[in-house]
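Please build the complete structure, drawing on both the sequences and the hints.
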Amino acid sequence: MSTRTLCSAVRHIVTSGSTGRWSTFRRALSIPACAMLLGAWCVDDVDRSSILAMAEAGQLEDAERAARAGGSPLVTTLGDVLVLRGRLRAADSAYEAAISGNAPLRRVADVGRAELSARRGDMADAFARAQRLVGAYERSSGDWTPEERVAAGRAYVLLGLRDARTARQALAAFDAAWAADRTLFDSQVRAGELLLEKYNAPDAKTSFEQILTVSEAHPRALLGLARVQEFEGSPEAMATVRKSLAANPALTPAHTMLARLQLEAEAYDSADVAVNRALAVDSSSMEAWALRAASAWFVGDSAKFESSRAAATALHPRPATFYATLAESAVRHRRYAEGVRWAEQAVVLDSGSVRALGVLGTNQLRTGAMEQGRATLERAFAIDPFNLWHKNTLDLLDQMKGFTVIERGRFVLVVSPEDAALMELYLLPMLEEAYDTLASRYAWRPDRPVRFEIFRRHADFSVRSVGLTGLGALGVSFGDVLAMDAPSAREPGSFNWGSTAWHELAHTFTLGSSDNRVPRWFSEGLSVLEERRARDGWGAQASVEFLAAYKAKMLRPVSSLNDGFVRPRYPAEVQFSYYLASLVSEMIEQDFGAASLPAMLRAYRDGFESPAVFARVLKVSGDSLDARFSAYMQKRFGTALAAIEAGEAPGDVRGPFVAAMREGAAQLEAGRKREAQLAFEKAQALWPEHRSASGPAWYLARLALERADTTTALTQLALITRAQETALAANTLEASLLDARGNDTALVKALERIIWMAPYDADLHAKLADAATRIGAHAVAVRERRAVLAIGPSDPLEARYELALALSKSGDAAAARREVLGMLETAPGFEKAQSLLLRLRSGTPPGGAR
Amino acid sequence: MAPVAGVGMSCLTVRSRVRRGLRSAAFGIGMLVSVHNAAAVAHAQQQHVLIITGLGGEATYRDAFFGVAVLLHDVAKGKWNVADSSLIVLTEDAARDPKRFDGRATKEAVAEAFLKLARRAKPGDVVFVFLHGHGSGQGPESRVNLPGADPSAADYATWLSGFAQQTVVFVNAASASGDFARVLAGPRRVVLTATKSSVERNDTRFATYFVRGLSSGEADTNKDSKVSVLEAFSYAQREVVREYETDNRMLTEHAILSDSSLAATVAFGGRAVSSDPKVAALVAERQGLESQVAALRARKDSMTASAYEAELERLLIAIAERTQAIRAAGGTPP
Numbered sequence: 025m026s027t028r029t030l031c032s033a034v035r036h037i038v039t040s041g042s043t044g045r046w047s048t049f050r051r052a053l054s055i056p057a058c059a060m061l062l063g064a065w066c067v068d069d070v071d072r073s074s075i076l077a078m079a080e081a082g083q084l085e086d087a088e089r090a091a092r093a094g095g096s097p098l099v100t101t102l103g104d105v106l107v108l109r110g111r112l113r114a115a116d117s118a119y120e121a122a123i124s125g126n127a128p129l130r131r132v133a134d135v136g137r138a139e140l141s142a143r144r145g146d147m148a149d150a151f152a153r154a155q156r157l158v159g160a161y162e163r164s165s166g167d168w169t170p171e172e173r174v175a176a177g178r179a180y181v182l183l184g185l186r187d188a189r190t191a192r193q194a195l196a197a198f199d200a201a202w203a204a205d206r207t208l209f210d211s212q213v214r215a216g217e218l219l220l221e222k223y224n225a226p227d228a229k230t231s232f233e234q235i236l237t238v239s240e241a242h243p244r245a246l247l248g249l250a251r252v253q254e255f256e257g258s259p260e261a262m263a264t265v266r267k268s269l270a271a272n273p274a275l276t277p278a279h280t281m282l283a284r285l286q287l288e289a290e291a292y293d294s295a296d297v298a299v300n301r302a303l304a305v306d307s308s309s310m311e312a313w314a315l316r317a318a319s320a321w322f323v324g325d326s327a328k329f330e331s332s333r334a335a336a337t338a339l340h341p342r343p344a345t346f347y348a349t350l351a352e353s354a355v356r357h358r359r360y361a362e363g364v365r366w367a368e369q370a371v372v373l374d375s376g377s378v379r380a381l382g383v384l385g386t387n388q389l390r391t392g393a394m395e396q397g398r399a400t401l402e403r404a405f406a407i408d409p410f411n412l413w414h415k416n417t418l419d420l421l422d423q424m425k426g427f428t429v430i431e432r433g434r435f436v437l438v439v440s441p442e443d444a445a446l447m448e449l450y451l452l453p454m455l456e457e458a459y460d461t462l463a464s465r466y467a468w469r470p471d472r473p474v475r476f477e478i479f480r481r482h483a484d485f486s487v488r489s490v491g492l493t494g495l496g497a498l499g500v501s502f503g504d505v506l507a508m509d510a511p512s513a514r515e516p517g518s519f520n521w522g523s524t525a526w527h528e529l530a531h532t533f534t535l536g537s538s539d540n541r542v543p544r545w546f547s548e549g550l551s552v553l554e555e556r557r558a559r560d561g562w563g564a565q566a567s568v569e570f571l572a573a574y575k576a577k578m579l580r581p582v583s584s585l586n587d588g589f590v591r592p593r594y595p596a597e598v599q600f601s602y603y604l605a606s607l608v609s610e611m612i613e614q615d616f617g618a619a620s621l622p623a624m625l626r627a628y629r630d631g632f633e634s635p636a637v638f639a640r641v642l643k644v645s646g647d648s649l650d651a652r653f654s655a656y657m658q659k660r661f662g663t664a665l666a667a668i669e670a671g672e673a674p675g676d677v678r679g680p681f682v683a684a685m686r687e688g689a690a691q692l693e694a695g696r697k698r699e700a701q702l703a704f705e706k707a708q709a710l711w712p713e714h715r716s717a718s719g720p721a722w723y724l725a726r727l728a729l730e731r732a733d734t735t736t737a738l739t740q741l742a743l744i745t746r747a748q749e750t751a752l753a754a755n756t757l758e759a760s761l762l763d764a765r766g767n768d769t770a771l772v773k774a775l776e777r778i779i780w781m782a783p784y785d786a787d788l789h790a791k792l793a794d795a796a797t798r799i800g801a802h803a804v805a806v807r808e809r810r811a812v813l814a815i816g817p818s819d820p821l822e823a824r825y826e827l828a829l830a831l832s833k834s835g836d837a838a839a840a841r842r843e844v845l846g847m848l849e850t851a852p853g854f855e856k857a858q859s860l861l862l863r864l865r866s867g868t869p870p871g872g873a874r
Numbered sequence: 184m185a186p187v188a189g190v191g192m193s194c195l196t197v198r199s200r201v202r203r204g205l206r207s208a209a210f211g212i213g214m215l216v217s218v219h220n221a222a223a224v225a226h227a228q229q230q231h232v233l234i235i236t237g238l239g240g241e242a243t244y245r246d247a248f249f250g251v252a253v254l255l256h257d258v259a260k261g262k263w264n265v266a267d268s269s270l271i272v273l274t275e276d277a278a279r280d281p282k283r284f285d286g287r288a289t290k291e292a293v294a295e296a297f298l299k300l301a302r303r304a305k306p307g308d309v310v311f312v313f314l315h316g317h318g319s320g321q322g323p324e325s326r327v328n329l330p331g332a333d334p335s336a337a338d339y340a341t342w343l344s345g346f347a348q349q350t351v352v353f354v355n356a357a358s359a360s361g362d363f364a365r366v367l368a369g370p371r372r373v374v375l376t377a378t379k380s381s382v383e384r385n386d387t388r389f390a391t392y393f394v395r396g397l398s399s400g401e402a403d404t405n406k407d408s409k410v411s412v413l414e415a416f417s418y419a420q421r422e423v424v425r426e427y428e429t430d431n432r433m434l435t436e437h438a439i440l441s442d443s444s445l446a447a448t449v450a451f452g453g454r455a456v457s458s459d460p461k462v463a464a465l466v467a468e469r470q471g472l473e474s475q476v477a478a479l480r481a482r483k484d485s486m487t488a489s490a491y492e493a494e495l496e497r498l499l500i501a502i503a504e505r506t507q508a509i510r511a512a513g514g515t516p517p
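Which chain is which? The protein sequence lines are P and X, in order.
With our numbering applied, the first sequence corresponds to residues 25 to 874, in that order.
With our numbering applied, the second sequence corresponds to residues 184 to 517, in that order.
A few of these clues could be false.
Stated by the list, open to error - Here are the in silico distance ranges between beta carbons for each label pair:
| hint | chain 1 | residue 1 | chain 2 | residue 2 | range |
| --- | --- | --- | --- | --- | --- |
| 1 | P | Thr769 | X | Tyr427 | 29 to 39 Å |
| 2 | X | Ala368 | P | Gln599 | 52 to 62 Å |
| 3 | P | Gln599 | X | Glu492 | 54 to 64 Å |
| 4 | X | Tyr427 | P | Gln155 | 48 to 58 Å |
| 5 | P | Ala753 | X | Pro330 | 53 to 63 Å |
| 6 | X | Thr435 | P | Ala596 | 33 to 43 Å |
What the hints assert, rightly or not - Once the Cα atoms are required to be at most 25 Å apart in a straight line, the calculated SDA-like pairs of lysine to any residue come out as:
| hint | chain 1 | residue 1 | chain 2 | residue 2 |
| --- | --- | --- | --- | --- |
| 7 | P | Lys856 | X | Gly513 |
| 8 | P | Lys856 | X | Val424 |
| 9 | X | Lys290 | X | Ala301 |
| 10 | P | Lys833 | X | Ala493 |
| 11 | P | Lys425 | X | Val424 |
| 12 | P | Lys791 | X | Arg425 |
I should point out that these hints are in silico values taken from the structure, not numbers from a laboratory.
All values reported here derive from a predicted model rather than from experimental measurement.
Note that beta-carbon positions come from the ideal geometry of N, C-alpha and C, so glycine has one too.
Next comes the structure, spelled out in structure tokens:
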């Protein structure tokens with residue numbers, strides 16, 4: 025092979041990389057001789073784009089060699105490659121040489137130097153250089169090459185650290201570069217990164233996808249897409265960042281992103297591997313050092329933490345981003361107070377850092393420091409008005425100024441005025457009960473009142489929780505600051521607001537008693553378990569889909585259950601993991617005693633990770649616990665598991681139970697009710713414990729009603745209503761049947777269950793009050809009459825009269841008298857109230873009033 | 184015809200005039216519609232009701248408009264005791280209920296109805312016009328879709344000019360009705376519209392609740408057995424919001440009222456006044472006590488809580504006792 029032929033082959037290989045044929049490119053570069061050839065034979069032919077393509081493929085050493093061999097024409101390129109290798113001083117020299125030697129791409133070198141100054145903390149130099157560049161660009165942008173336009177965009181980005189308005193100019197410069205050269209992917213990658221940084225995920229995604237359409241494995245575009253996926257909460261982020269690293273194993277930001285995702289998954293060893301890979305490529309990565317420190321901090325390795333901090337300080341004398349990253353990591357592990365402390369350090373080091381101010385302000389709010397949080401976010405927003413999180417949160421805080429604050433000893437309820445009376449009536453007593461129960465169980469008490477915020481709009485709750493709309497959760501716990509959807513935030517019957525509140529309060533105790541170190545799986549498992557203990561039917565129950573997933577081994581073993589929450593492999597896995605974790609908690613309590621659960625929390629508090637916690641507290645290994653749990657599942661769900669099979673895809677369920685249900689539905693559809701009944705009875709026999717609101721019990725109840733067999737209907741409905749916390753239709757039907765039968769005791773119970781699903785129906789409360797009165801439950805009747813008033817009845821005076829009557833019947837004549845006087849003060853002609861007043865005065869029982 | 188009773192009035196001077204009127208009147212028919220001002224009580228006030236419902240377009244709306252017309256007719260006739268000659272109901276299909284409906288709601292029929300009522304109405308009477316249907320247009324050209332040509336807001340303004348000496352309550356419960364308020368505005372007029380502008384064009388729920396407020400006791404917030412226009416409006420407004428909230432829908436209709444002060448003084452309903460002097464005396468005593476409650480409330484801020492409450496209770500018990508006595512004497516409390 026001649027030299028010319030070899031060079032031609034190498035150029036082909038390099039070109040395949042730049043045009044997107046990354047597999048060919050990577051395979052070719054794996055030929056050891058090729059690197060040598062590049063350095064030794066093809067120097068004249070290897071230009072900047074080829075070297076950058078090598079760098080994009082992760083061949084940094086070869087790229088550096090080729091750039092050095094290229095001499096002064098490639099000195100800027102050499103600087104770029106040196107930056108990627110973390111050799112910042114050498115890069116600085118290379119750029120300086122390019123600038124002083126008036127080399128090609130001098131402007132690119134200039135912005136490179138500015139960025140290096142910023143990384144060292146020399147912001148004056150960074151801004152001066154960036155300002156000079158954009159000044160020149162604004163005077164004569166037409167003369168600038170596409171790469172120089174990208175350089176101008178980078179300069180605007182730098183200036184954006186102090187003036188967010190330059191983001192638009194940066195984008196314009198990147199777009200101008202892209203318009204001039206559709207092969208210059210760097211411009212679109214940077215545009216995408218900037219768009220994402222400014223919270224415009226859809227446009228960012230478009231930018232990255234434009235590149236990936238042409239070059240399907242472009243590493244930085246894949247990394248950008250992974251970041252968009254993370255921003256959008258997609259579980260695919262991890263897989264995408266791995267693809268990026270497959271295309272470029274030396275892409276430091278991809279390693280740090282992977283490390284961060286591993287940290288979030290509480291997989292500290294995996295995070296360390298990713299961090300070490302990042303530092304091996306680029307030891308000047310502040311993010312990598314910060315993540316290394318975070319990992320060390322989580323596992324209590326102070327020496328490693330301090331060495332990381334020293335490395336960060338060596339890179340930058342005031343490493344605010346190091347502390348901001350630490351703060352963000354702490355918060356992701358629910359250690360909000362410590363997150364605030366790290367963020368405060370970041371702000372001390374850089375009072376103008378929007379990122380540091382943002383994480384500080386957001387978490388001040390999460391820890392209940394409302395005024396400080398607002399002030400901090402206002403500072404952040406003054407610097408960066410593009411920040412959607414901060415804007416949303418500040419808008420919400422403005423709106424919350426009109427909220428009612430109810431302070432009652434152990435709780436501070438913050439609620440919109442429309443809901444205040446109702447929440448005070450129902451939620452506070454329930455929270456008090458929950459507090460006592462949980463404090464006793466976990467032998468821990470919050471050291472200040474628990475703040476509970478309730479939002480009428482789900483979007484507001486979402487903003488309060490994460491700064492953005494679209495959060496799928498119903499409630500959130502930041503420790504002793506809780507937030508949740510008000511019942512009005514969702515369709516009636518779509519969630520149980522009582523069990524949700526109980527669930528969130530349980531987190532307060534599990535987080536608190538573990539010093540916020542409890543892993544997510546255990547905290548969630550205990551919360552769901554506490555829901556089930558709180559009231560009959562509350563909390564998650566086994567579904568067909570859950571058991572099918574379990575049988576198909578699509579659920580995590582106990583030893584890696586946390587991954588089911590933080591790294592779900594399919595959409596339903598998180599939901600399944602909640603229930604699974606609750607079963608694990610239940611099994612632990614059953615097998616190891618009630619004291620084992622709080623003991624585990626204390627072990628987490630003492631810094632032990634799950635395997636050590638299992639060993640120390642339960643005296644078993646993770647594998648042994650997995651085996652125990654398998655046996656537990658078989659014992660508990662053996663009958664059902666025999667009747668359920670998993671299909672090909674998640675959610676696809678089969679088996680005798682499913683077949684019987686489908687048979688029943690088909691017979692029903694065909695009008696063959698007797699056959700349908702037999703099929704549903706068969707299904708029920710196959711899985712007697714099945715309690716779903718759309719299971720056999722529902723159909724059998726409906727079929728029984730059609731036969732006018734109310735007794736059977738009620739029996740079947742009871743199976744559902746005692747086990748499903750959101751079975752609104754079943755409870756409503758049951759209530760109407762009980763009402764017709766005059767079974768007031770059961771009717772009261774049914775209506776009380778309904779109120780935790782749909783509390784805004786005044787007629788429902790009135791009906792409950794009537795039934796409660798009939799069985800002599802006057803306290804319930806009084807509460808329900810107050811509830812009618814809280815909702816805002818159509819006839820407020822009539823509702824007050826009913827309340828006065830209930831108060832009177834409950835024996836509280838003084839309260840009844842106050843209520844009557846209050847009514848008659850504004851409506852002295854209200855005859856029924858007049859009569860009641862006279863009876864109260866004479867001490868005549870009000871029984872005949874209605 | 185009975186004079187106006189004064190329950191709910193805050194002015195003692197006016198009340199004494201009413202009592203004089205009571206003594207000199209021929210008894211038998213109770214208070215039906217009351218306008219609480221001195222001028223209005225100087226003669227036997229009558230009320231005149233014109234109900235117009237437009238084209239439904241489809242069965243759902245035809246039935247809804249029909250239902251509203253029937254209910255309002257029955258309320259006017261049965262509860263307010265409006266004379267047949269002063270009650271006109273024009274609908275899309277008069278044949279659907281010929282006992283209640285007077286004719287098809289064409290532009291000509293509407294014009295004739297206004298003319299008829301103008302001839303009957305005396306100074307000080309109350310004229311209640313209720314218009315419902317599908318609305319469109321804007322400004323003076325706002326309309327409600329009737330069989331044949333649709334009269335404009337300007338047409339209605341012309342027809343109303345014949346009632347300069349009466350108190351007029353004009354309700355347009357249709358969609359896109361908001362501009363009627365501006366076009367029909369005038370002295371001694373209360374104009375209610377289901378929407379705040381002509382832009383709110385979705386079907387409205389206002390009519391259902393407004394009529395329910397008038398027909399049931401729910402809108403009677405002070406339980407004086409009468410429903411003022413303001414009470415009915417507030418009730419309807421509140422219930423419309425509740426319905427939209429319950430259904431999780433964005434509120435697309437915002438009702439407006441042109442003159443809340445006047446609306447508070449125009450009331451419908453009430454009870455018959457007894458001819459028994461003993462009952463009348465008790466009623467007068469009770470009304471006097473109610474006035475004392477009003478006066479006491481005005482002094483509330485200058486009294487201690489306990490003194491206020493004691494005096495309030497004393498008065499309220501006295502009122503309650505008078506009520507019992509009125510009942511015992513075979514009378515009906517005011």
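Against the structure, the hints come out as follows:
1. Thr769(P) - Tyr427(X): 29 to 39 Å: 37 Å, holds
2. Ala368(X) - Gln599(P): 52 to 62 Å: For Ala368(X) and Gln599(P) the Cβ distance comes to about 58 Å; the hint holds.
3. Gln599(P) - Glu492(X): 54 to 64 Å: Between Gln599(P) and Glu492(X), where Cβ atoms are some 56 Å apart, the hint holds.
4. Tyr427(X) - Gln155(P): 48 to 58 Å: For Tyr427(X) and Gln155(P) the Cβ distance comes to about 55 Å; the hint holds.
5. Ala753(P) - Pro330(X): 53 to 63 Å: At roughly 43 Å between Cβ atoms, Pro330(X) and Ala753(P) fall outside 53 to 63 Å, so the hint is violated.
6. Thr435(X) - Ala596(P): 33 to 43 Å: The hint (33 to 43 Å, Cβ to Cβ) holds, given that Thr435(X) and Ala596(P) are roughly 37 Å apart.
7. Lys856(P) - Gly513(X): Within the cut-off at roughly 17 Å; holds.
8. Lys856(P) - Val424(X): 29 Å, violated
9. Lys290(X) - Ala301(X): 17 Å, holds
10. Lys833(P) - Ala493(X): 23 Å, holds
11. Lys425(P) - Val424(X): Answer holds: Lys425(P) to Val424(X) is near 23 Å, not above 25 Å.
12. Lys791(P) - Arg425(X): Given pair Lys791(P), Arg425(X) holds - Cα atoms ~19 Å apart, limit 25 Å.
Of the hints listed earlier, those the structure fails to meet are numbers 5 and 8, in rising order.
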